[in-house]
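There are 2 protein chains.
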Amino acid sequence: MTAVPSDSVGIVVPQHVAFDTPLPLSCGEVLPRHELVYETYGELNAQRSNAILVCHALSGHHHAAGYHDAGDRKPGWWETCIGPGKPLDTNRFFVVSLNNIGGCHGSTGPSSINPDTGRPWGPDFPAITVRDWVNSQAMLADHLGIDTWAAVVGGSLGGMQALQWSIDLPDRIRHVVAIACAPRLSAQNIAFNEIARQAIYSDPCFHDGRYAERGVAPTQGLMLARMVGHVTYQSDDGLREKFGREVASGDLELARDVQFQVESYLHYQGRSFSQRFDANTYLLMTRALDFFDPAREFDDNLVRAFRDARASYLLVSFTTDWRFASERSRELVDALIRARRNVSHADIDAPYGHDAFLLPIPRYIDVFSAYMDRVAIETTEAARR
Amino acid sequence: MTAVPSDSVGIVVPQHVAFDTPLPLSCGEVLPRHELVYETYGELNAQRSNAILVCHALSGHHHAAGYHDAGDRKPGWWETCIGPGKPLDTNRFFVVSLNNIGGCHGSTGPSSINPDTGRPWGPDFPAITVRDWVNSQAMLADHLGIDTWAAVVGGSLGGMQALQWSIDLPDRIRHVVAIACAPRLSAQNIAFNEIARQAIYSDPCFHDGRYAERGVAPTQGLMLARMVGHVTYQSDDGLREKFGREVASGDLELARDVQFQVESYLHYQGRSFSQRFDANTYLLMTRALDFFDPAREFDDNLVRAFRDARASYLLVSFTTDWRFASERSRELVDALIRARRNVSHADIDAPYGHDAFLLPIPRYIDVFSAYMDRVAIETTEAARR
Chain A
1 MTAVPSDSVG IVVPQHVAFD TPLPLSCGEV LPRHELVYET YGELNAQRSN AILVCHALSG
61 HHHAAGYHDA GDRKPGWWET CIGPGKPLDT NRFFVVSLNN IGGCHGSTGP SSINPDTGRP
121 WGPDFPAITV RDWVNSQAML ADHLGIDTWA AVVGGSLGGM QALQWSIDLP DRIRHVVAIA
181 CAPRLSAQNI AFNEIARQAI YSDPCFHDGR YAERGVAPTQ GLMLARMVGH VTYQSDDGLR
241 EKFGREVASG DLELARDVQF QVESYLHYQG RSFSQRFDAN TYLLMTRALD FFDPAREFDD
301 NLVRAFRDAR ASYLLVSFTT DWRFASERSR ELVDALIRAR RNVSHADIDA PYGHDAFLLP
361 IPRYIDVFSA YMDRVAIETT EAARR
Chain B
1 MTAVPSDSVG IVVPQHVAFD TPLPLSCGEV LPRHELVYET YGELNAQRSN AILVCHALSG
61 HHHAAGYHDA GDRKPGWWET CIGPGKPLDT NRFFVVSLNN IGGCHGSTGP SSINPDTGRP
121 WGPDFPAITV RDWVNSQAML ADHLGIDTWA AVVGGSLGGM QALQWSIDLP DRIRHVVAIA
181 CAPRLSAQNI AFNEIARQAI YSDPCFHDGR YAERGVAPTQ GLMLARMVGH VTYQSDDGLR
241 EKFGREVASG DLELARDVQF QVESYLHYQG RSFSQRFDAN TYLLMTRALD FFDPAREFDD
301 NLVRAFRDAR ASYLLVSFTT DWRFASERSR ELVDALIRAR RNVSHADIDA PYGHDAFLLP
361 IPRYIDVFSA YMDRVAIETT EAARR
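Each protein sequence line maps, in turn, to chains A and B. Mapping of the first sequence onto this note's numbering: residues 1 to 385, in sequence order. Mapping of the second sequence onto this note's numbering: residues 1 to 385, in sequence order.
Check the hints yourself; a few may be wrong.
Same chains, same names: a pair is fine if it fits in one copy or spans any two.
[Said to hold, decoys possible] The calculated lysine to any residue pairs, modelled on SDA-like cross-linking and capped at a C-alpha distance of 25 Å, are:
{"no.": "1", "residue 1": "K74", "residue 2": "R330"}
{"no.": "2", "residue 1": "K242", "residue 2": "P22"}
{"no.": "3", "residue 1": "K242", "residue 2": "E297"}
{"no.": "4", "residue 1": "K74", "residue 2": "H143"}
{"no.": "5", "residue 1": "K74", "residue 2": "Q15"}
{"no.": "6", "residue 1": "K242", "residue 2": "A325"}
{"no.": "7", "residue 1": "K242", "residue 2": "S111"}
{"no.": "8", "residue 1": "K242", "residue 2": "S326"}
{"no.": "9", "residue 1": "K242", "residue 2": "G209"}
{"no.": "10", "residue 1": "K242", "residue 2": "A295"}
{"no.": "11", "residue 1": "K242", "residue 2": "W322"}
{"no.": "12", "residue 1": "K74", "residue 2": "E246"}
{"no.": "13", "residue 1": "K74", "residue 2": "D334"}
{"no.": "14", "residue 1": "K242", "residue 2": "F298"}
{"no.": "15", "residue 1": "K242", "residue 2": "D300"}
{"no.": "16", "residue 1": "K242", "residue 2": "L252"}
{"no.": "17", "residue 1": "K242", "residue 2": "S6"}
{"no.": "18", "residue 1": "K242", "residue 2": "T380"}
{"no.": "19", "residue 1": "K74", "residue 2": "T380"}
{"no.": "20", "residue 1": "K242", "residue 2": "H267"}
{"no.": "21", "residue 1": "K242", "residue 2": "R296"}
{"no.": "22", "residue 1": "K242", "residue 2": "E331"}
FYI, nobody ran anything at the bench for these hints, they're computed from the structure.
Bound-form chain A, shown alone (with noise of 0.2 Å):
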């Protein structure tokens, strides 16, 4: 990086909070203390009114923006979004990045010492739901004397907790932004991530999950878990226009030795992937997002679900978008209505499949910029009161 781009939010550190206070888990068990690392761009106001809870999603982390120093050459894995003048504009929102417990980037998770038994949580690490991330959240605002968010945002498994903070602190949420996203898994998502599981499993160094204590790790399953991930991330389209049917290497027309480029494209991404993620997490998260389903507690009724929810709606969906399609989004549209909400509904039309909420499509950035802008004019007028 030669100099920080203008509408960047330029050189971040993160930063750790641990709590001691216990926090009960969906499963039952009790985590009795836990670390959480984030990052924080913007500037709370004195009102602390404009405060924004960035979630992540399956893979992602705290670190959503900006660079770690300056010899950094990538930046916050949603660069595109949050910055000076961008949607989530850093001039007038103070924005809040965590990494989620069962995460493996410094938030207490399967990779942490186990303090019952001074090695790896590995695979005893407890199961955790979006609501346990909601609770974990919740304390990381009252940590930064924030009672409530103008808005919590996330895309994919980000955008189940912004509609589960709706559902469980419906006092503390103005808005929820949730983008490729979708009330529940489908029977085909949880077959995908099955998969995704069965390739780890299936990996010799796995070692039911305390590979961590052996110094190794299941990198060839990890790796193709992510290849299956990424397939679902992309678009048919997407794909076609990208590799189309082009030769990496071999001959094609002897048969021989042939790599496709999309085959080499994805050995690539699943490689560096297994080689900075953590298997049981990757575990943990797919889990998390097969059981998610707010509406289970409500008699599978999803309008029940969202009638205490006091929040504010927008959702965006991607027209090639097939693991979290466009008609999921409408499913929570029609429930917010029900439920009395106000639910504002963009489908955004792009060939790049679930993967387009990373990216700096134009009507979706204007959209998400002109709702955010609401956003802050409310935040503002808040503050005046």
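Add chain B to chain A, keeping to what the hints say.
Just chain B now, kept in the frame of chain A:
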């Protein structure tokens, strides 16, 4: 089986033929001799004009209809479409179904003994293309005394063989029936095949394909590969209808030890497949799929590929088939029309995804029967002349 259903071909006996004529392959190698296992249903007429060739898909084989003995509970894989009164009506047609070379059900393939080494071919078995299958099937036609097929018929990869017949041996085929087919694989199709292959390669029992010599098999890898395939053969709607989010075992409330029904189903499908199929054959078949692209040698011009074809075509697609979507059949229709071929296309509304071609969907069976009725009438007229 208590009694053979009246619309079944009944008990059938697989037959074997060995060809000592060398078969030159697309890859440049020559198969000095090869065996085929096949079945026939119905009677060849005196004019030898009523023969239908059925080509199998990725995991198929020669046993397409009927039962192998009186205790056999499971009929052939296309019992839905082959038998008295069915689309491939055995009262009118002589139906031939074979296991292709490279297969693992009795025809020469990776599990066969390589005469040069006295050990199983394994990974040394040459790469096979759809064209090679057509050439080997032509040797079977010669053996059976069939100059011209009334029709060559298949679903998925089987449909690709039917298309290739019409391009390579236009004088020996009158009709093509290609169901749930595509003119070539998309990048997404190739990506899923590659994930399946990587699952097999990753199995520690794979031993670079020489597992048979060691008396082991990469069943875990093959199971995973099949799970990937299986999910892509079904539609999101179909899986939702069949399984929804129903739980097979465990406690969803506590997020503990949960197994969703769709997971149990996939495990079962994957496991049972891995016990009856050969991994090297799976690799070979997915590669044949990836490489199929009849337009390639015509400067990627599909119209030119069909310019010398003389057959008439029936294409059938299914609305929820996202592996080989309806759009892919329409590409074929457009090219065939521009190549001045007779082509009929039925897009069947069905929620079963790609696997629909195996199922008794009324409109599909009706359309297929009506088309084959026309083929039968032509056959009789030809016989009268």
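Structure-based check of all given hints:
For the identical chains of this complex, K74 and R330 are neighbours neither inside a copy (35 Å) nor across copies (43 Å), given an alpha-carbon limit of 25 Å. With identical chains, the CA atoms of K242 and P22 are never at most 25 Å apart, being 48 Å at best within one copy and 41 Å at best between copies. In this assembly of identical chains, the alpha carbons of K242 and E297 lie at most 25 Å apart only when taken from different copies (22 Å versus 43 Å within one copy). Within a single copy, K74 and H143 get their C-alpha atoms no closer than 29 Å, and across copies no closer than 64 Å, so neither meets the 25 Å cut-off.
In this assembly of identical chains, the alpha carbons of K74 and Q15 lie at most 25 Å apart only when taken from the same copy (19 Å versus 63 Å across copies). Both within a single protomer and between protomers do K242 and A325 lie at most 25 Å apart by alpha-carbon distance, with minima of 21 Å and 19 Å respectively. For a Cα distance limit of 25 Å, the shortest separation of K242 from S111 qualifies neither inside one copy, at 36 Å, nor across copies, at 37 Å. Taking the closest pair of Cα atoms, K242 and S326 come within 25 Å of each other both inside a single copy (23 Å) and across two copies (22 Å).
Taking the shortest alpha-carbon separations for K242 and G209, neither the intra-copy value of 36 Å nor the inter-copy value of 32 Å comes in at or below 25 Å. Proximity of K242 and A295 under a CA criterion of 25 Å is satisfied inter-copy only: 20 Å between copies versus 38 Å inside one chain copy. Proximity of K242 and W322 under a CA criterion of 25 Å is satisfied in both settings, with 18 Å inside one chain copy and 19 Å between copies. With identical chains, the CA atoms of K74 and E246 are never at most 25 Å apart, being 28 Å at best within one copy and 42 Å at best between copies.
Taking the closest pair of Cα atoms, K74 and D334 never come within 25 Å of each other, the shortest separation being 39 Å inside a single copy and 45 Å across copies. Proximity of K242 and F298 under a CA criterion of 25 Å is satisfied inter-copy only: 23 Å between copies versus 43 Å inside one chain copy. Taking the shortest alpha-carbon separations for K242 and D300, only the inter-copy value of 18 Å comes in at or below 25 Å, while the best intra-copy value is 40 Å. When the C-alpha separation of K242 and L252 is checked against a cutoff of 25 Å, the pair qualifies only within one copy, where the shortest distance is 19 Å, while the shortest distance between copies is 40 Å.
For the identical chains of this complex, K242 and S6 are neighbours neither inside a copy (30 Å) nor across copies (52 Å), given an alpha-carbon limit of 25 Å. Taking the shortest alpha-carbon separations for K242 and T380, neither the intra-copy value of 44 Å nor the inter-copy value of 51 Å comes in at or below 25 Å. Proximity of K74 and T380 under a CA criterion of 25 Å is satisfied in neither setting, with 33 Å inside one chain copy and 71 Å between copies. Proximity of K242 to H267 under the C-alpha cut-off of 25 Å is restricted to the intra-copy arrangement: shortest distance 15 Å within a copy versus 33 Å between copies.
In this homomeric assembly, K242 and R296 come within 25 Å of each other (Cα to Cα) only across copies, at 19 Å, whereas the closest approach inside a single copy is 40 Å. Taking identical chains as interchangeable, the C-alpha atoms of K242 and E331 lie at most 25 Å apart only when they sit on different chains, with a minimum of 20 Å there against 31 Å within one chain.
When each numbered hint is compared with the structure, violations occur for hints 1, 2, 4, 7, 9, 12, 13, 17, 18 and 19.
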